[in-house]
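Colleague: What follows is the residue order along each chain.
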Amino acid sequence: MKVRVQYFARAREGAGTEGEELELAAGATLGNLWQKLLSAHPALKPLDGAVSFLVDTRYVREPDLLREGDTVFVLPPVSGG
Amino acid sequence: MKVRVQYFARAREGAGTEGEELELAAGATLGNLWQKLLSAHPALKPLDGAVSFLVDTRYVREPDLLREGDTVFVLPPVSGG
Amino acid sequence: MAILTRDVLDEAALRAKVEAPNCGAITSFSGVVRNHNEGRKVLRIEYEAAPPTLALLTELEKKTKEKFPVHQVFIAHRVGTLQVGEASVVIAVSSEHRGESFQACRWAIDTLKHTIPIWKKEYFEDGESDWVEGCKMHSLNENEEEHSHEPSGKSLHRHGR
Amino acid sequence: MAILTRDVLDEAALRAKVEAPNCGAITSFSGVVRNHNEGRKVLRIEYEAAPPTLALLTELEKKTKEKFPVHQVFIAHRVGTLQVGEASVVIAVSSEHRGESFQACRWAIDTLKHTIPIWKKEYFEDGESDWVEGCKMHSLNENEEEHSHEPSGKSLHRHGR
Numbered sequence: 003m004k005v006r007v008q009y010f011a012r013a014r015e016g017a018g019t020e021g022e023e024l025e026l027a028a029g030a031t032l033g034n035l036w037q038k039l040l041s042a043h044p045a046l047k048p049l050d051g052a053v054s055f056l057v058d059t060r061y062v063r064e065p066d067l068l069r070e071g072d073t074v075f076v077l078p079p080v081s082g083g
Numbered sequence: 003m004k005v006r007v008q009y010f011a012r013a014r015e016g017a018g019t020e021g022e023e024l025e026l027a028a029g030a031t032l033g034n035l036w037q038k039l040l041s042a043h044p045a046l047k048p049l050d051g052a053v054s055f056l057v058d059t060r061y062v063r064e065p066d067l068l069r070e071g072d073t074v075f076v077l078p079p080v081s082g083g
Numbered sequence: 006m007a008i009l010t011r012d013v014l015d016e017a018a019l020r021a022k023v024e025a026p027n028c029g030a031i032t033s034f035s036g037v038v039r040n041h042n043e044g045r046k047v048l049r050i051e052y053e054a055a056p057p058t059l060a061l062l063t064e065l066e067k068k069t070k071e072k073f074p075v076h077q078v079f080i081a082h083r084v085g086t087l088q089v090g091e092a093s094v095v096i097a098v099s100s101e102h103r104g105e106s107f108q109a110c111r112w113a114i115d116t117l118k119h120t121i122p123i124w125k126k127e128y129f130e131d132g133e134s135d136w137v138e139g140c141k142m143h144s145l146n147e148n149e150e151e152h153s154h155e156p157s158g159k160s161l162h163r164h165g166r
Numbered sequence: 006m007a008i009l010t011r012d013v014l015d016e017a018a019l020r021a022k023v024e025a026p027n028c029g030a031i032t033s034f035s036g037v038v039r040n041h042n043e044g045r046k047v048l049r050i051e052y053e054a055a056p057p058t059l060a061l062l063t064e065l066e067k068k069t070k071e072k073f074p075v076h077q078v079f080i081a082h083r084v085g086t087l088q089v090g091e092a093s094v095v096i097a098v099s100s101e102h103r104g105e106s107f108q109a110c111r112w113a114i115d116t117l118k119h120t121i122p123i124w125k126k127e128y129f130e131d132g133e134s135d136w137v138e139g140c141k142m143h144s145l146n147e148n149e150e151e152h153s154h155e156p157s158g159k160s161l162h163r164h165g166r
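Residue numbers (the numbering used here), protein chains in the order written: chain A, 3 to 83; chain B, 3 to 83; chain C, 6 to 166; chain D, 6 to 166.
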């Protein structure tokens with residue numbers, strides 16, 4: 003299945019791109035996706051454990067299943083306000 | 003000595019006047035003045051113990067001495083804000 | 006220096022008075038005339054202030070700055086006849102970080118309520134009017150521990166801790 | 006409904022959105038760009054927001070109203086380039102009595118800081134720039150007990166109470 007990833011702030015700088023599309027096995031979890039992203043972009047490693055994820059406005063965790071067509075937002079520590 | 007008294011809010015209604023001038027013995031305290039006011043205006047009695055006093059911006063208590071020319075503000079419970 | 010005025014309070018202008026380039030936070034509070042109190046419909050409120058009020062409000066600004074690490078504190082109070090929805094008091098506080106401006110603003114309005122000689126009389130829908138029951142006025146310089154925030158008189162019935 | 010905009014925040018207009026005749030108190034908070042941070046001179050800040058931000062700010066307004074007995078909550082956040090002294094966020098809360106509007110406003114800004122996907126990058130006088138160290142983002146619906154307000158990573162080193 004295809005999912006889309008969008009990076010922000012430090013994560014965008016670590017990945018070196020605003021976003022990308024990936025092909026994942028059916029039944030892949032967010033955790034599977036994140037490991038794949040870490041392998042592809044070693045500069046993301048400092049964010050491992052600090053990063054959070056949203057699919058639309060839904061907060062997702064590593065064990066959560068992804069679905070075809072999901073857009074996953076990769077969110078480093080936030081500093082709004 | 004002469005002192006001036008100014009009443010506010012419920013105290014003005016109790017005294018039936020905005021203010022008045024009184025003649026006190028030298029060495030009179032605020033407490034002496036207040037007893038005199040209570041005798042002259044029995045409608046002030048419900049305020050006994052609840053009222054506070056300022057001379058200019060100075061907070062004064064019953065044992066404090068008054069001085070010739072003081073203006074004493076008689077202040078019922080406040081409700082600013 | 007505080008403001009005491011019969012005019013409508015321009016809250017944006019008042020708030021702007023505490024801005025400063027080294028401040029990251031501004032907290033402001035407005036007290037507004039409500040259309041009801043203790044179950045009765047309120048049409049308007051008349052505020053009355055004793056002559057020392059402006060000096061005491063200015064002293065309250067100073068005390069608030071002494072007590073909290075904030076940059077600027079500004080207090081404006083209105084007197085005269087106020088309609089429902091109009092602001093009677095505005096307090097604005099600027100500080101480097103947000104916690105201090107919240108704490109200082111809250112302390113200033115709480116302290117104002119029992120240290121400043123201002124009274125309000127509510128005018129009700131049924132044509133009656135009455136003074137709002139207040140708090141015994143304390144000195145701003147008094148030890149805060151001594152303050153009772155209860156309506157005057159009730160403290161006689163307090164016992165224990 | 007919250008506002009997310011590149012335009013200057015009109016704080017008076019935003020504050021006016023929470024006014025209501027049954028409210029006696031309005032507390033508002035503005036976060037403002039400071040001219041310094043951790044000992045360095047800041048010239049400007051760039052704010053970036055992820056697409057879910059507007060919906061999450063609106064959800065934060067709703068949560069705040071659920072959690073506190075307040076009448077109205079309004080949140081506006083700015084993105085793009087902000088100069089020193091400009092407001093990045095405004096939160097206004099109206100309530101019948103003052104305590105609730107202070108508490109709700111404070112809770113809303115504290116919660117915003119670790120639940121909303123916004124980032125700021127500071128541009129310093131020496132020409133350098135850097136992302137402000139933030140907090141790991143939590144879900145607004147998460148049990149509040151689980152939140153760590155410490156900078157991310159540090160919680161690994163916590164032990165005992």
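Read the hints as simulated data drawn from the structure, not as lab findings.
Owing to the predicted nature of the structure, the values given are computational and were not obtained by experimental measurement.
Each residue gets a CB set at the ideal place from its N, CA and C atoms; glycine is no exception.
Treat the hints with care, as some may be off.
Stated by the list, open to error - The calculated lysine-lysine pairs, modelled on BS3-like cross-linking and capped at a C-alpha distance of 25 Å, are: (1) A:Lys38 / D:Lys68; (2) C:Lys141 / B:Lys47; (3) C:Lys141 / B:Lys38; (4) D:Lys46 / A:Lys47.
Unchecked claim - Some chain C residues near chain B, calculated using beta-carbon distances under 8 Å: (5) Ala60; (6) Glu66; (7) His82; (8) Lys125.
To be verified - Derived coverage of chain C by chain D (criterion: at least 3 residues anywhere in the stretch with Cβ under 8 Å from a Cβ of chain D; other residues may be distant): (9) 6-20; (10) 27-34; (11) 100-108; (12) 127-139.
Colleague: Work down the list of hints and note, for each, if the structure agrees.
Modeller: The hints, checked one at a time:
For the suggested pair lysine 38 of chain A and lysine 68 of chain D, the alpha carbons sit about 35 Å apart, so the restraint of at most 25 Å is broken. Using a Cα cut-off of 25 Å, the hinted pair lysine 141 of chain C and lysine 47 of chain B holds, with the two alpha carbons roughly 15 Å apart. Only pairs whose Cα atoms come within 25 Å are accepted, and lysine 141 of chain C paired with lysine 38 of chain B is accepted, the gap being roughly 21 Å. For a cut-off of 25 Å, the pair hint linking lysine 46 of chain D to lysine 47 of chain A is broken: about 30 Å separates their Cα positions.
Interface hint at alanine 60 of chain C: satisfied, since its Cβ lies 5 Å from the closest Cβ of chain B, which is below the 8 Å cut-off. A distance limit of 8 Å between C-beta atoms decides the matter here; for glutamate 66 of chain C the minimum to chain B is near 14 Å, and the interface restraint is violated. Annotation: histidine 82 of chain C was flagged as interfacial toward chain B, and the flag holds, the nearest CB pair being 7 Å apart, inside 8 Å. Nearest Cβ of chain B to the Cβ of lysine 125 of chain C: about 5 Å, under the 8 Å cut. The hint holds.
Restraint check on the region 6-20 of chain C versus chain D: 3 residues with Cβ-Cβ distances below 8 Å, three needed, restraint holds. A count of 8 residues in the region 27-34 of chain C with a Cβ less than 8 Å from any Cβ of chain D is obtained; the coverage claim is therefore met, three being the minimum. Coverage of a stretch by a chain is defined here by at least three residues with a beta carbon nearer than 8 Å to that chain's beta carbons; for the region 100-108 of chain C and chain D the count is 4, and the condition holds. Coverage of a stretch by a chain is defined here by at least three residues with a beta carbon nearer than 8 Å to that chain's beta carbons; for the region 127-139 of chain C and chain D the count is 0, and the condition is violated.
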